[in-house]
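Letter by letter, the chains look like this.
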Amino acid sequence: QQPVQSPQAVILREGEDAVINCSSSKALYSVHWYRQKHGEAPVFLMILLKGGEQKGHEKISASFNEKKQQSSLYLTASQLSYSGTYFCGTEGGYNKLIFGAGTRLAVHP
Amino acid sequence: EAGVAQSPRYKIIEKRQSVAFWCNPISGHATLYWYQQILGQGPKLLIQFQNNGVVDDSQLPKDRFSAERLKGVDSTLKIQPAKLEDSAVYLCASSQALEQFFGPGTRLTVL
Chain A
118 QQPVQSPQAV
128 ILREGEDAVI
138 NCSSSKALYS
148 VHWYRQKHGE
158 APVFLMILLK
168 GGEQKGHEKI
178 SASFNEKKQQ
188 SSLYLTASQL
198 SYSGTYFCGT
208 EGGYNKLIFG
218 AGTRLAVHP
Chain B
434 EAGVAQSPRY
444 KIIEKRQSVA
454 FWCNPISGHA
464 TLYWYQQILG
474 QGPKLLIQFQ
484 NNGVVDDSQL
494 PKDRFSAERL
504 KGVDSTLKIQ
514 PAKLEDSAVY
524 LCASSQALEQ
534 FFGPGTRLTV
544 L
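Read top to bottom, the protein sequences are chains A and B.
Quick note on numbering: the first sequence equals residues 118 to 226 in this note's numbering.
Quick note on numbering: the second sequence equals residues 434 to 544 in this note's numbering.
Treat the hints as calculated values from the structure; they're not laboratory data.
Each hint should be verified, as a subset may be incorrect.
[Said to hold, decoys possible] Far from chain B, by Cβ distances over 12 Å, these chain A residues were calculated: (1) Q122; (2) H149; (3) R221.
[Said to hold, decoys possible] Label pairs and their calculated CB-CB ranges: (4) B:L472 x A:Q118: 35 to 43 Å; (5) B:A463 x A:Y191: 45 to 53 Å; (6) B:L544 x A:T193: 27 to 35 Å; (7) A:S123 x B:Q513: 25 to 33 Å; (8) B:G461 x A:S198: 27 to 35 Å.
[Unchecked claim] Below, computed lysine-lysine pairings styled on DSS-like, alpha-carbon distance capped at 30 Å: (9) B:K477 x A:K143; (10) A:K213 x B:K504; (11) B:K495 x B:K511; (12) A:K154 x B:K477.
In this text, a Cβ means the ideal position worked out from N, Cα and C, and glycines have one as well.
The shape of chain B in the complex, shown without the other chains (with noise of 0.2 Å):
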């Protein structure tokens, strides 16, 4: 079975620069989170869809972020204007039932 598979695996910008991940869950898994993490510290719940519906996005900072889930299946991050604050691993997770499958991750770098 494919894992959750993400793209690109690294990102170097400028800030105030705009920028995009993508994400392709496990076939079949009907949730999908986003998750920033910062160097030295747990994952953070971004967004969380149940097939192409938001289920929570309360710490989506939307003024800067946004993300959707078109045909439920695949899923962008995308960040405009970036900050030096976004410097993170961006990991993307789906799940089934009750445990999340973590992508590899793409390290975003804001200069």
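Only chain A is shown next, with the shape it has when bound in the complex (with noise of 0.2 Å):
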């Protein structure tokens, strides 16, 4: 079953701060961000791996509620390089990933 990521869409300033929802109807292992530029493959950003366990990677953190089965991205402060499209992947074992829609982010001067 394939995660749902909202929003679909997202644009900011520069400085300005965003979060994207991933929801799973299954239970999860682990959650895993990626994030894709146009014509680039994705690059891994965090894993969460145990429930309300929070990551973070310069200004950009996760958490994951093991019991609702849901992840947030928080992007604070936003670049212009955090620009592209943000997937989700959800695991339900053995490193299989499912990948959401994507949620697209376009950080503009």
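Using the hints, put the two chains back together into the complex; each one sits in its own frame.
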């Protein structure tokens, strides 16, 4: 079952914050977050392994609520380089990922 | 450390023709994945190998798609015969633990 991401698209000005949500109908072992720029391969951002655990990467952090089967990605003080499509990948075992449809993020000066 | 290599980068074929893609994973990575990414969508897993054995191929259209990973290193994905709906980017990824590293992909256009 494909996870549901929201919103589908976000437009920000530099310095603004954004939250991207990922929700699954199935129990999860982990949630992976990737960013893909146009015409390029997805690039790993972080993995959330435990319920409620937050991970951080520079000004990008994420949380994982295991009980609700939800994860959120937090982008703080956005930079132009944050533009791209963000995908969550949910894992139900064996490191097999099911990716959401993606959230398009555009950051403007 | 070299990344995941894929070739060709682009391929244009007519429907009913055959095509093959090649992937060389990061050295030492036991797990290799093939994904199909249709424009505007997230990657969809086609097949997952652990060394040279198949872990999951539940979403591989086996009537036309085949994949192999001989000697547990390089892998090839073949489509025979191709359909219009196979137009997509085919991504190869490899992993040693949890993080998956993606190659640049092969963009396939079926006319």
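Hints and how they fare:
At roughly 8 Å, the least C-beta separation between Q122 (chain A) and chain B is not larger than 12 Å, which violates its mark as non-interface. Its beta-carbon lying about 7 Å from the closest one in chain B, H149 (chain A) breaks the requirement of being farther than 12 Å from that chain. Look at R221 (chain A): its CB is around 9 Å from the nearest CB on chain B, not clear of 12 Å, so calling it non-interface is violated. Against the hinted window of 35 to 43 Å, the Cβ-Cβ separation of L472 (chain B) and Q118 (chain A) comes to about 22 Å, which falls outside the hint.
Here the CB-CB span from A463 (chain B) to Y191 (chain A) is close to 33 Å, at odds with the stated 45 to 53 Å. For L544 (chain B) paired with T193 (chain A), a C-beta distance near 45 Å fails the hint of 27 to 35 Å. In this structure the hint that S123 (chain A) and Q513 (chain B) lie 25 to 33 Å apart at CB is violated, the actual value being about 39 Å. Between G461 (chain B) and S198 (chain A) the beta carbons are some 30 Å apart, a value that agrees with the proposed interval 27 to 35 Å.
Distance check on the hinted pair: K477 (chain B) and K143 (chain A) sit about 17 Å apart at the alpha-carbon level, within 30 Å; holds. Pair hint K213 (chain A) plus K504 (chain B) holds up; C-alpha atoms about 22 Å apart against a cutoff of 30 Å. A hinted pair counts as satisfied when its Cα atoms are at most 30 Å apart, and K495 (chain B) with K511 (chain B) qualifies at roughly 10 Å. With a CA separation close to 17 Å, the supplied pair K154 (chain A) and K477 (chain B) stays within the 30 Å bound.
The structure does not agree with the numbered hints 1, 2, 3, 4, 5, 6, 7 stated previously, though it agrees with the rest.
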